[in-house]
Amino acid sequence: MSVWEDLSGQAPVVEQLRAAAAAPVPNHAWLFTGPPGSGRSNAARAFAAGLLCEQDRLEDRGCGRCHACHTVMARTHADVTFVATEKSIITIQEARELVTKAQDKPSSGRWRVVIVEDADRMPERTTNVLLKAIEEPPTRTIWLLCAPSPADVLVTIRSRCRAVSLRVPPVEDVADLLVRRDGIDPELARAAARAAQSHVGVARRLAQDEESRRRRDRIVRLPLGLDGVSAAMVAAANLVELATAEAASSNEQRDAEEREMLLRSLGAPEKGPLPPSMRSQIRGLEEDQKRRAKRSVTDYLDRALTDLLSFYRDVLMIQLGNAVELVNEPLREDLSRYAGSGRPETTLARMDAVNSTRKRVTTTNVAPLLAVEAMTVSLL
Amino acid sequence: MTPPKQAAARANAVSWRDVDPAPVVLVSGPEEYLAIRAMDTVRAKLRVSHPDLEVTKLDAGSYTAGQLAMTASPSLFGEGKLIEVSGLAAMNDDFLTDGLAYLNDVAEDVVLVLHHGGGVRGKKLLDAVKAAGAPVVDCQPLKKDADKAAFVSGEFRAGGRRIEGAAVQALVAAVGANLSELAAACRQLIEDSTTAVTTDTVEKYYGGRVEATAFRVADAAVGGQGPLALSMLRHALATGVDPVPLVAALAMKVRTVAKVAGARGSSAQIAKEFGMQPWQVDQARRDANRWTEEALVRCVRILAEADAQVKGEARDPVYAVERAVTAVALAARRG
Ligand SMILES: [Zn+2]
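Residue numbers (the numbering used here), protein chains in the order written: chain A, 4 to 383; chain B, 4 to 338.
Check each hint, because a few of them may be wrong.
[Unchecked claim] A short, non-exhaustive set of chain B residues, derived as facing chain A with CB atoms under 8 Å:
hint, residue
1, N95
2, D96
3, D150
4, A254
5, V303
6, E316
7, D319
8, V321
[What the hints assert, rightly or not] Ranges between beta-carbon positions, derived for each pair:
hint, chain 1, residue 1, chain 2, residue 2, range
9, A, S280, B, A169, 51 to 61 Å
10, A, R286, B, G69, 17 to 27 Å
11, B, A180, A, R221, 47 to 57 Å
12, B, H238, A, T366, 28 to 38 Å
13, B, Y322, A, S111, 54 to 64 Å
Quick caveat, the hints were computed from the structure, so don't treat them as lab data.
Even glycine gets a Cβ: it sits at the ideal position worked out from N, Cα and C.
Chain A with its partners taken away, still in its complex shape:
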């Protein structure tokens, strides 16, 4: 399977990237933008594989079968550096190290590729360090930056980059991918894709993990039980606990998958002990995973708040008489009753409360529980 095939619902982007990967000298800086779940970093990774693919025929680049494609997809290719911040922001120190690394010639491939998965988590001072390197990069280095929207990176960086805009894939496309790639029952796939609001990774998890579905359901139902301060405080504690549990269980699954993928790409023996060189690679992966786990609770809390937001979004749609397709279709009856007891202005104010909490939780290091409590008492 070629590296392009998993970029579901992104046909124009695939076409753009395939052409670029086949060009003799591609642009040296790219900015991948799109909402969470649209597959920004997956697209960047596929592009890196396309750039380094060993196939001679240009139209075969990104074959998904050669050693270069395999190792890029497994995040172990020596010439591809992935920068995903485990803290909430990329520090100046990290940026300097990156710039130094970007000066190196590629060791085996045609290009050295640096993928910054959270370019939006760079403060301005840090960006300035990177800017110089992106302005005058060494001839064999290509930068791939990812961010939710172009507005999330400084205009000076943006203007140096070729833009790749991913869209929110339609629910049908996400559902199709789940059916085709993961062998999920079509009806379940559709429900999951809708509940995940087209976030591919979340949809797959919801479809495959019953516990995860149950947790999401409890989060979405939270507003139905808010009948006083005491209930609001309990709801806040539950929400944080559900997000933490989801983070832990989802990390466990992803960690195991990544390990398996790495073992396969290293060509590890089926049985018996691993040679020492492989063991150290595995250890490196495990350390990365541990660091990532620290940040992921915040990410899953953000996800939980997004789910909560979908409740009010549905309520608003009903109040405005535009409830054709609800994100939480199975809850329609409850949602209608809730919608009938309030006004759209109140619903909008509640959505603002959820959104400002999301912002606070993801961009500052406030105590998550307290921030969520302040939100739930504002939802009363």
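For chain A, the structure is supplied; the task is to place chain B with the ligand on it using the hints.
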């Protein structure tokens, strides 16, 4: 997915305090301090029955094939053997293989204690150990104050010393953030005192701690004693206490009052529901009389604001925490 195994694991579950030696004992879970205590318990009990116990420690991560069988092989004089294997969370494949083989051929007069810190590595072995009926000590972090209080009570009971309920709470508030520190504090108080331990004793030993100071400020504010709260706050800030734990302590107090405020039922029922002690519920209910729902909503929001401010959103964190203390004390006076 596999109910029989899960049922077996639950049936085998023992607490770290009560675990007895067995041919194979599994100690698993992320709270390392409890794991150490569980292993201490097994070792101590074995030493009683086998004064000449031979103890061997192995690391499952750097294990070499055959080590386990060799260590477990009968010794010349037939003394008891204890093999403690740590680091199962990072076990290598040799250990996995040998561990599985050992389960089918358990050595006589040997107690094998396995410590797995969590994660999926070696799940096959863990499942096999559980299925074989070995006792399993689950070492989860003590998150709730009620669990930490139960831990303290257990330590004092085991140490044969009495401690007042309020003193347990004061101790948890003062040093409860870290379990091994809490355990060390218990040991010190048990050893140093001759009568029942009171809040005064705890205060004398651990009162200077940041957490204790912060909780006293919060107690005064939530109790509506504004001037007292502010003067204690100024003193705390003057002695270099960081505003961050001060806001956290205020939030914890207000949280307790807010949870209890609307809750119906007996103190015992509420305590169980929210993971608190009954006397804590009674105190929070007394505090709650001074509060209206609106005041609670306002204060929770002010505290969240203050938390953001003391963590960098505002230029003057001292002003932010003073404002929060004042707001809480004023809100508590109304009603
Ligand atoms: Zn290839």
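So, going through the hints one by one against the coordinates:
Nearest Cβ of chain A to the Cβ of B/N95: about 6 Å, under the 8 Å cut. The hint holds. Contact between B/D96 and chain A, as hinted, is supported at the beta carbon level, the nearest pair being about 5 Å apart and thus within 8 Å. Using the Cβ-Cβ criterion of 8 Å, the hint placing B/D150 at the interface with chain A is not satisfied: the shortest such distance is roughly 15 Å. Restraint check, B/A254 versus chain A: the minimum CB separation of about 5 Å is within 8 Å; hint holds.
The restraint placing B/V303 at the interface with chain A holds, with a minimum CB-CB distance near 5 Å, inside the 8 Å limit. Interface hint status for B/E316: upheld, as the beta-carbon distance to the closest one in chain A is roughly 7 Å, under 8 Å. Checking B/D319 against chain A by beta carbon gives a least distance of about 17 Å; that is not within 8 Å, so the hint is violated. Nearest Cβ of chain A to the Cβ of B/V321: about 18 Å, over the 8 Å cut. The hint is violated.
A beta carbon spacing of about 59 Å between A/S280 and B/A169 agrees with the range 51 to 61 Å that was offered as a hint. One distance hint, 17 to 27 Å for the beta-carbon pair A/R286 and B/G69, holds here, with the actual separation near 23 Å. In this structure, B/A180 and A/R221 break the distance hint of 47 to 57 Å, their C-beta atoms being roughly 29 Å apart. Hint check: B/H238 to A/T366, Cβ distance near 34 Å, so the stated range 28 to 38 Å holds.
Judged by the Cβ atoms, the range 54 to 64 Å given for B/Y322 and A/S111 holds: they are separated by roughly 58 Å.
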